[in-house]
Amino acid sequence: KQEVTQIPAALSVPEGENLVLNCSFTDSAIYNLQWFRQDPGKGLTSLLLIQSSQREQTSGRLNASLDKSSGRSTLYIAASQPGDSATYLCAVPNTGNQFYFGTGTSLTVIP
Amino acid sequence: GAVVSQHPSWVICKSGTSVKIECRSLDFQATTMFWYRQFPKQSLMLMATSNEGSKATYEQGVEKDKFLINHASLTLSTLTVTSAHPEDSSFYICSARRTGSSYNSPLHFGNGTRLTVT
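In the order they appear, the protein sequences are chains B and L.
Just add 178 to wherever you are in the first sequence, counting from 1, and you've got our numbering.
Just add 12 to wherever you are in the second sequence, counting from 1, and you've got our numbering.
All the pointers check out, no bait thrown in.
DSSO-like, lysine-lysine: derived pairs with alpha carbons at most 30 Å apart:
| no. | chain 1 | residue 1 | chain 2 | residue 2 |
| --- | --- | --- | --- | --- |
| 1 | L | Lys76 | L | Lys26 |
| 2 | B | Lys220 | L | Lys78 |
| 3 | L | Lys26 | L | Lys67 |
| 4 | L | Lys26 | L | Lys53 |
| 5 | B | Lys179 | L | Lys78 |
| 6 | B | Lys246 | B | Lys179 |
| 7 | L | Lys32 | L | Lys76 |
| 8 | L | Lys32 | L | Lys67 |
| 9 | L | Lys53 | L | Lys32 |
| 10 | B | Lys220 | L | Lys26 |
| 11 | L | Lys67 | L | Lys78 |
| 12 | B | Lys179 | B | Lys220 |
| 13 | L | Lys76 | L | Lys53 |
| 14 | L | Lys53 | L | Lys78 |
| 15 | L | Lys67 | B | Lys179 |
| 16 | L | Lys26 | L | Lys78 |
| 17 | L | Lys78 | L | Lys32 |
| 18 | L | Lys67 | B | Lys220 |
| 19 | B | Lys220 | L | Lys53 |
| 20 | L | Lys76 | B | Lys220 |
| 21 | B | Lys220 | L | Lys32 |
| 22 | B | Lys179 | L | Lys76 |
| 23 | B | Lys246 | L | Lys53 |
| 24 | L | Lys53 | B | Lys179 |
Which chain B residues stay away from chain L? Per the calculated CB distances, all over 10 Å, these:
| no. | residue |
| --- | --- |
| 25 | Glu193 |
| 26 | Gly194 |
| 27 | Leu197 |
| 28 | Thr236 |
| 29 | Gly238 |
| 30 | Gly249 |
| 31 | Thr252 |
Footprint (simulated), chain L over chain B, 3 or more residues, beta carbon under 8 Å:
| no. | segment |
| --- | --- |
| 32 | 208 to 221 |
| 33 | 277 to 287 |
Just so you know, the hints here were simulated from the structure itself, not pulled from any lab data.
Beta carbons: idealized from backbone N, C-alpha and C, even for Gly.
From just these sequences and the hints, can you work out the full model?
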């Protein structure tokens with residue numbers, strides 16, 4: 179069974195800093211990996227989807243990388259802002275259309 | 013596009029009563045929808061996969077008779093928590109995949125329903 183781990187569990191940075199969130203998975207036979215953002219008491223907002231054949235994907239200040247062979251993905255956030263404060267989840271699907279989620283990284287950006 | 017609406021966003025009910033949660037894909041058809049449960053400070057755990065026109069597939073440990081799922085149309089799936097107990101209090105989130113899309117396409121989530129059973 180796929181296991182997805184995210185490190186760190188919580189992160190606090192001053193506004194303007196660049197930061198990296200980490201996601202690791204045990205089964206490298208993945209179709210893609212998706213990064214989500216979850217605000218407190220809310221659902222999930224898709225940030226980036228990176229296909230298994232891709233090495234990275236960018237959207238604005240966000241950049242996701244994928245190293246399938248080592249079972250790792252990183253989400254890079256440039257020039258962090260207080261509005262980036264949220265929990266960030268990574269997830270990978272299996273062949274049954276199910277997603278395995280990591281436990282998330284709670285990010286706080288201090289003004 | 014690809015908006016998933018979940019209703020209600022929060023609900024409080026008494027122990028022993030039943031609660032229905034709706035998940036609608038507003039601008040696309042979804043043959044398959046998924047129901048997740050999330051406890052505080054924990055990640056999402058898949059409860060069941062809802063398939064339009066057929067029975068839902070439940071994950072191990074999820075009681076079928078307690079969590080009734082109906083997916084009667086290509087845009088609506090419902091989760092009914094029957095005879096709710098305080099331990100059923102949780103955050104329930106649905107997601108949907110556009111009909112005909114592959115595993116490589118993104119999953120779209122509703123905003124979740126906070127259920128509190130008193």
